[in-house]
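Peer 1: Residue numbers (the UniProt record's numbering), protein chains in the order written: chain A, 1 to 294; chain B, 1 to 294; chain C, 1 to 294; chain D, 1 to 294.
Just so you know, the hints here were simulated from the structure itself, not pulled from any lab data.
A pair counts as met if it fits within one copy or between any two copies, since identical chains are not told apart.
Cross-link-like lysine to any residue pairs, in silico, SDA-like; alpha carbons within 25 Å at most:
#, residue 1, residue 2
1, K254, L58
2, K210, V250
3, K210, C191
4, K210, R289
5, K210, D236
6, K210, E239
7, K254, R289
8, K254, E239
4 protein chains.
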Amino acid sequence: MTTPDDDARPGTEDPTHWVLSLSCPDRPGIVAAVAGMLAAHGGNIEESQQFGDPLSGLFFMRVQVAATAPEADLRAALGELGERFGMTWELDVAGRRMRTVVMVSTAAHCLHDLLFRQQSEALPVDIVAVVSNHTALADVAAFYGIPFHHVPVTRDTKQQAEARLLELVEETGAELVVLARYMQILSDELCRTLTGRVINIHHSFLPSFKGARPYAQAHDRGVKLIGATAHYVTGDLDEGPIIEQDVERVDHSKRVEDLVALGQDVERRALARAVRWHAEHRVLLDGHRTIVFR
Amino acid sequence: MTTPDDDARPGTEDPTHWVLSLSCPDRPGIVAAVAGMLAAHGGNIEESQQFGDPLSGLFFMRVQVAATAPEADLRAALGELGERFGMTWELDVAGRRMRTVVMVSTAAHCLHDLLFRQQSEALPVDIVAVVSNHTALADVAAFYGIPFHHVPVTRDTKQQAEARLLELVEETGAELVVLARYMQILSDELCRTLTGRVINIHHSFLPSFKGARPYAQAHDRGVKLIGATAHYVTGDLDEGPIIEQDVERVDHSKRVEDLVALGQDVERRALARAVRWHAEHRVLLDGHRTIVFR
Amino acid sequence: MTTPDDDARPGTEDPTHWVLSLSCPDRPGIVAAVAGMLAAHGGNIEESQQFGDPLSGLFFMRVQVAATAPEADLRAALGELGERFGMTWELDVAGRRMRTVVMVSTAAHCLHDLLFRQQSEALPVDIVAVVSNHTALADVAAFYGIPFHHVPVTRDTKQQAEARLLELVEETGAELVVLARYMQILSDELCRTLTGRVINIHHSFLPSFKGARPYAQAHDRGVKLIGATAHYVTGDLDEGPIIEQDVERVDHSKRVEDLVALGQDVERRALARAVRWHAEHRVLLDGHRTIVFR
Amino acid sequence: MTTPDDDARPGTEDPTHWVLSLSCPDRPGIVAAVAGMLAAHGGNIEESQQFGDPLSGLFFMRVQVAATAPEADLRAALGELGERFGMTWELDVAGRRMRTVVMVSTAAHCLHDLLFRQQSEALPVDIVAVVSNHTALADVAAFYGIPFHHVPVTRDTKQQAEARLLELVEETGAELVVLARYMQILSDELCRTLTGRVINIHHSFLPSFKGARPYAQAHDRGVKLIGATAHYVTGDLDEGPIIEQDVERVDHSKRVEDLVALGQDVERRALARAVRWHAEHRVLLDGHRTIVFR
Chain A
1 MTTPDDDARP GTEDPTHWVL SLSCPDRPGI VAAVAGMLAA HGGNIEESQQ
51 FGDPLSGLFF MRVQVAATAP EADLRAALGE LGERFGMTWE LDVAGRRMRT
101 VVMVSTAAHC LHDLLFRQQS EALPVDIVAV VSNHTALADV AAFYGIPFHH
151 VPVTRDTKQQ AEARLLELVE ETGAELVVLA RYMQILSDEL CRTLTGRVIN
201 IHHSFLPSFK GARPYAQAHD RGVKLIGATA HYVTGDLDEG PIIEQDVERV
251 DHSKRVEDLV ALGQDVERRA LARAVRWHAE HRVLLDGHRT IVFR
Chain B
1 MTTPDDDARP GTEDPTHWVL SLSCPDRPGI VAAVAGMLAA HGGNIEESQQ
51 FGDPLSGLFF MRVQVAATAP EADLRAALGE LGERFGMTWE LDVAGRRMRT
101 VVMVSTAAHC LHDLLFRQQS EALPVDIVAV VSNHTALADV AAFYGIPFHH
151 VPVTRDTKQQ AEARLLELVE ETGAELVVLA RYMQILSDEL CRTLTGRVIN
201 IHHSFLPSFK GARPYAQAHD RGVKLIGATA HYVTGDLDEG PIIEQDVERV
251 DHSKRVEDLV ALGQDVERRA LARAVRWHAE HRVLLDGHRT IVFR
Chain C
1 MTTPDDDARP GTEDPTHWVL SLSCPDRPGI VAAVAGMLAA HGGNIEESQQ
51 FGDPLSGLFF MRVQVAATAP EADLRAALGE LGERFGMTWE LDVAGRRMRT
101 VVMVSTAAHC LHDLLFRQQS EALPVDIVAV VSNHTALADV AAFYGIPFHH
151 VPVTRDTKQQ AEARLLELVE ETGAELVVLA RYMQILSDEL CRTLTGRVIN
201 IHHSFLPSFK GARPYAQAHD RGVKLIGATA HYVTGDLDEG PIIEQDVERV
251 DHSKRVEDLV ALGQDVERRA LARAVRWHAE HRVLLDGHRT IVFR
Chain D
1 MTTPDDDARP GTEDPTHWVL SLSCPDRPGI VAAVAGMLAA HGGNIEESQQ
51 FGDPLSGLFF MRVQVAATAP EADLRAALGE LGERFGMTWE LDVAGRRMRT
101 VVMVSTAAHC LHDLLFRQQS EALPVDIVAV VSNHTALADV AAFYGIPFHH
151 VPVTRDTKQQ AEARLLELVE ETGAELVVLA RYMQILSDEL CRTLTGRVIN
201 IHHSFLPSFK GARPYAQAHD RGVKLIGATA HYVTGDLDEG PIIEQDVERV
251 DHSKRVEDLV ALGQDVERRA LARAVRWHAE HRVLLDGHRT IVFR
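Work the whole structure out from these sequences, hints included.
Peer 2: As structure tokens, this is what we get:
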């Protein structure tokens, strides 16, 4: 009998490093089938994580694999597997920078942080546009050489503004939209159109302090830790699937403005992690919860 | 002119170490008056913290002082100061063990932890009774040589049960009641009677996940950190002033029962800190918020 | 062609949940071979993690799998795989309690914690003996119904004491020895005999503050965080492979005895995690470093 | 008898908010004397912290006070108190921005962070110059409108380079020098000249991994947490008084370059806190340790 890995001779040319992420209904044999297919294509698994959710009955997997086989062959084989197991799958070159639009209003800390991390190669994204309903942060975008688009929003122009945003997403080929303290609520329709592709940072430890002025709410409640939550945006405000949360200790002496200042650190930390994990295909949706293969 | 500290000659006898905690409407001269009075009584301030809350207009202070003056003199002088400034004050011997009743149901982790910390001198409390609506933890109390009182509670006997609890509090001279995962809601009346003297541990990061089964709620929401909150008990369920909060990182692979197990560590940590700070007079009430001089 | 998972029909009987952990020189096809073999034995992979260390050239894998095949068949198939890939492997029933000896001197906090966690099922170990060079903790062992062995150690009797310890390990069939603040240094010979089976908790954030009185050293250096390190014991004191570390914030007001008290929390937390991960076969040795599949 | 606070009538003009920090040999009456003097000058204490170190026998105090008295009067009174108690004291306007020189080499993360925090008012410093032995970060300084000085250093020019640095410190009136990943060792002489005024960020959890390439050392040792340490610079490399430390969890899968990237977050966090506390006069030296009134 020929075992799958007998064919797995490393080629002479340099292999490509791939990230494969997938989900499907759980059943025996998935890992064997995926690993067998990869081995049959000369793949060497470098990193791999699996999780079967007993509640949803779904199976999730992320594999980083070095392979010499042509991309078309891999995709064809994956297509077959996908049919057999009812899989949703995605294949991407490991480390490829995901095309990203960042939306902001006037708060600069998250934008600065994302741009700096992109430049210093700590974040595998390619920020193709900064979009804002204000002009305050145009110079920050300019410093990093990123096109800045001013798209003002009033009650009457919201629809046009969102149309313009969608246009920008299409023109730039953006795969991801990051709301980096963008202080406008997206319409249900836009949320649906971009589902799973918009990450927001909420400045509280959700589900505590939904809605407006979370630091004022936190101060009023007298909490001893403040937090931030990065989540996918859905039509249900502040209820989207959570990707990452973090907290910072505070005490009675901190005023609302101190919480705001301290919170900026937590916000940018949580957001940067969520964006990185998303760009590295580490985040998979499991209903209204996320699987994060860190 | 004779400055206050000219009188502050250390006596030949060993000084007593006192903790003075106080609050009053904020105005100039409070610290000077308190420190002056202490110096006039031969006091050496070893540790001191102050805070003026601009919102409530209240001033809070905690002083640890070594003094040779007789207690009666100190109390008399404090009485005068208190009148002048409209102070609420408390004077206690530093390190004195606060008489404490612990109430439990069937979960053992917080009780074990409190008893162990008391025994190892890490917690300045003297646990004078363990009260439970079950008998499951009688042997734990027995191991530490603490009287165990079984006070069952049904809908019909709740009033008598609370009467019995109050009796126990009086008989034992308990100053503090700790609800260490006691799964009964105290009546409004009892909350009022014991106001500021009952600490509860809630197994969530309040105000998230109030009410029953917080870990199931947290799991359902897909949070990435679970928490626990130690707070004073008021008639308003899960709304009492927060003393301490802590969190622990979790991920998608954790089931509700895993969260429960992981949460035990956070609960006992947060509760132990809250009890210690209360017993050391580090916690002062500022409306529905707490000042914690850590 | 018959693909492996065609055979993977869940049997009518309940499957056994296994943990398989393995390491071998890295090469393509390992995951495929392991997953294929498991699928061929009716295995459903529930959880799985892999890591290839580019430095050591070794590959590590931990799989949790539900399978109906008889144990002997699984072991035979693993034996073949092991030969082919030069694997070190271990197959265990998931959740089986690992037989464990705990060694202590006079500090009670880690012992209490381990015994309580064992009893509350939070720690999959079966503590078969408590061994101590003192008698101070005999009653703690008694409370939990665990045999206590007093094995005094002096310079002259060290050899006999270690012989007695080895005897106890053999008699009880202990797989793991936990030094829960055992204040004696094991001989090189004993370290070698029990290599990879002895976990120690060191009361500092190694490699800072090796040797004696780490909290006094930490206080003297004025550090702002204190820590604890759980590690495998080797002949090289405080240099064994690190399994887990944790820290706690401190400030200038803390005396050495305060650090000791605060440190107890960090110690028991880090030790409990390390013991749990070891007992769940989540820790694999990679030279003088550890792979921890959390 | 006229008590001190009888004079403490708030003036009609707006009071100035002062920060007073002091240390002196511990003895009874210090707080009373300071608070009495402040009250006599119409001062209202807004925040205050004290600490008496039993080891060094020194007493430390930081007071934030609102007062209407002229600065000269306050300073005269403090001068008298200082003589009487052998005090070192400093009086500064609360929130005043401390004039600061930042020194860098090629790593941008700490510089970016400090400049952004300064601009967003989260850091009470006025960065008057960026000095570097490279030119790589000139544009970052330019973006924030800060003068950039290229002062190359070779073995032969080190003395001149340090002379130039001192010149810049004098010309700009800098009170603080921050080594924000400046990869040159300052001479003993310069350390002495600027003692207590130079803060460095070391990219390890000191005293672990002193010297060069701490992340490589940490990786090799297999630690589970990496850290950073902000400390005052002394002639004794990596041995200066620690101001702040922080850590971040890592695991076996992280390569040295991953640790470097993750460490950037910890470094900038620890450094920003240390600089803020120093600028707010919250850090006092107690021998080779620091008192930090957070």
